[in-house]
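Participant: The chain contents come next:
Number of protein chains: 2
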Amino acid sequence: MKVLFIGTGVMGRPMALNLAKNNVDVTVYNRTIEKAKALEPHVKVATDLVLEAKKADIIFSIVGYPSDVRAVYETIIPHCKKGTILVDMTTSSVSLAVELSSLAKHYGLEMLDAPVTGGDSGAINGTLSIMVGGEESTYQTIFPYLTYMGKTITYMGGPGSGQTMKLANQITIAGNILGIAEGLYFAKEKGLNLEDVYSVIVGGSASSWQAIHNGKKMILKDYQPGFYVKHFLKDLKLTLEESIGLDLPLLKLAEKTYSILSELHNDAGTQAIIEYYLSQAK
Amino acid sequence: MKVLFIGTGVMGRPMALNLAKNNVDVTVYNRTIEKAKALEPHVKVATDLVLEAKKADIIFSIVGYPSDVRAVYETIIPHCKKGTILVDMTTSSVSLAVELSSLAKHYGLEMLDAPVTGGDSGAINGTLSIMVGGEESTYQTIFPYLTYMGKTITYMGGPGSGQTMKLANQITIAGNILGIAEGLYFAKEKGLNLEDVYSVIVGGSASSWQAIHNGKKMILKDYQPGFYVKHFLKDLKLTLEESIGLDLPLLKLAEKTYSILSELHNDAGTQAIIEYYLSQAK
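In order, the protein sequences belong to chains E and W.
The first sequence runs contiguously to residue 294 in the numbering used here.
The second sequence runs contiguously to residue 294 in the numbering used here.
One chain only, chain E, in its complex shape:
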């Protein structure tokens, strides 16, 4: 099976390499071609997207925004050979996933939405969590490839439901990370030692993956991105778009605070949310 992997950013790069390590015949494509070239000789590099898409049996993608997803798939779908399987792993819009799945079907192709969590370390170690929407038979065909990139792989249902799961996950993360930042800010303003506060939080029923990893970084003021503010804000906005008619006050609050944060810290990691609080204290 000939695999084309589109997007060699922080996530895509190690994911493509993990496919190659497992003897998958993988060719990568990236809009900025130099980034893709850096992966040679581990993988082949395509310079013409459409030409390469024509040859592929399976196409994976993980790009930046829904507009990028749309641009990629509207370009390639009409040129792919019948039966090609398309797997978009970008965190993107539910409705776009449904729309592209439909377009793919029109051309005799199958498309899955399969966004991931686990960050760059999960991508490097092949331990991502992957949430899949689309035809279950297509999911089964593609499953071995997903195991090269991820550890927890969950089939969620029809087209778009991988994206829906990812958005639900981001709501939960929003609560966790706001809770840590606001708790630490309160404690700091009340004069507590934040190292002690961190120990108590991660040692009890307030603990979370976010507290352990991002709580520590907040205390150290280490805002290096594991996961960018700009990408989290994109996810929160996508979730709001999918929430018409639902009252999700926590999501609204998170979107508001991250919007304000993004004005100064767009390229920082999500843990920089502590700065939203600290900047108010001045």
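A couple of the hints might just be wrong.
Pairs involving identical chains hold if they fit within one copy or between any two copies, as the list cannot separate such chains.
Derived PhoX-like pairs: lysine-lysine, alpha-carbon spacing no greater than 25 angstroms straight-line [unchecked claim]:
no., residue 1, residue 2
1, K200, K246
2, K268, K233
3, K14, K49
4, K47, K233
5, K49, K67
6, K163, K94
7, K200, K249
8, K268, K249
9, K14, K117
10, K264, K249
Calculated directly from the structure, the hints in this document are not laboratory data.
Chain W: place on chain E using the hints.
Facilitator: For chain W alone, kept in the frame of chain E given last:
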């Protein structure tokens, strides 16, 4: 050392028994005396609070509300013998802790605030997390007794700082539990299978102690209290009172949602917050 333990509720009962198991000479007192009697013959039971307080070297308490804490200590402090150590383990107000510590000092006594987390299971298993404020030398004297009740014991600073830590912890928990409830609600409204959603959440970077324990109960609609809505709401209100001049939007949101929830589910566990969302969907 003669120990008096005041309050034999869900938490106080196993905590007093854990002292007794470690050969501490413990007498319990409870406003509703029958509840205390149920602990015989493991511990002695006092029927006259002041009489027993006079004889004690160390007094622990874990009662309901700050008003109960005030009533207990304003009653007994003037009667205790000099050098008696008072340890209030109720989650209570920071300013009350400071005030009572001062009153105790006036009478030649030492007082610590030492609220706990870890729920009834932590109390039963002696694995509570205990956050201590007050004189450090008093903390050191009392430390062995705390190890009979808890596993993680952290000295936070002067009077009131145990309470401050507990309130910061509750802000973080509020974010976690709202994040889980809102994420599950979104997923349910979008037609996902909640068992699958639970697996994805607890399997990745959205995971938390609250997700693992209370997320599961939300899906099962098991609202049996581990930690009561009414007590969590008390904690949130206490935290708001201590937050004057600070902008804590997540805390305000949690206080608002739990206030509404408490109208119908005051005696349920905190995980019943999912009902706040589900009731809006009707």
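Participant: Could you place K264 and K249 in one of the four classes (within, between, both, neither) given a Cα distance threshold of 25 angstroms?
Facilitator: both (9 angstroms within a copy, 22 angstroms between copies)
Participant: For the identical chains here, do K14 and K117 meet the 25 angstroms Cα criterion within one copy, between copies, both, or neither?
Facilitator: Classified as within: same-chain Cα gap 20 angstroms, cross-chain 79 angstroms, threshold 25 angstroms.
Participant: Check K49 against K67 for me: Cα-Cα at most 25 angstroms, and say if that holds within a copy, between copies, both or neither.
Facilitator: Answer is within; shortest intra-copy Cα gap is 20 angstroms, inter-copy 81 angstroms.
Participant: When no copy is specified for K268 and K233, does a C-alpha distance of 25 angstroms or less occur within a copy, between copies, both, or neither?
Facilitator: within (22 angstroms within a copy, 31 angstroms between copies)
Participant: One pair to classify: K163 and K94, alpha carbons no more than 25 angstroms apart. Within, between, both, or neither?
Facilitator: Neither: 30 angstroms inside a chain and 62 angstroms across chains, both beyond 25 angstroms.
Participant: How would you classify K14 and K49 at a CA-CA limit of 25 angstroms: within, between, both, or neither?
Facilitator: Intra 19 angstroms, inter 76 angstroms, cutoff 25 angstroms: intra-copy only.
Participant: When no copy is specified for K200 and K249, does a C-alpha distance of 25 angstroms or less occur within a copy, between copies, both, or neither?
Facilitator: Only across copies: K200 and K249 sit 19 angstroms apart there, 30 angstroms inside one copy, limit 25 angstroms.
Participant: At most 25 angstroms between alpha carbons: which applies to K268 and K249, within, between, both or neither?
Facilitator: both (10 angstroms within a copy, 24 angstroms between copies)
Participant: Under a CA distance limit of 25 angstroms, which applies to K47 and K233: within one copy, between copies, both, or neither?
Facilitator: Intra 30 angstroms, inter 49 angstroms, cutoff 25 angstroms: neither.
Participant: At most 25 angstroms between CA atoms: does that hold for K200 and K246 within a copy, between copies, both, or neither?
Facilitator: between (30 angstroms within a copy, 22 angstroms between copies)
The structure does not agree with the numbered hints 4, 6 stated previously, though it agrees with the rest.
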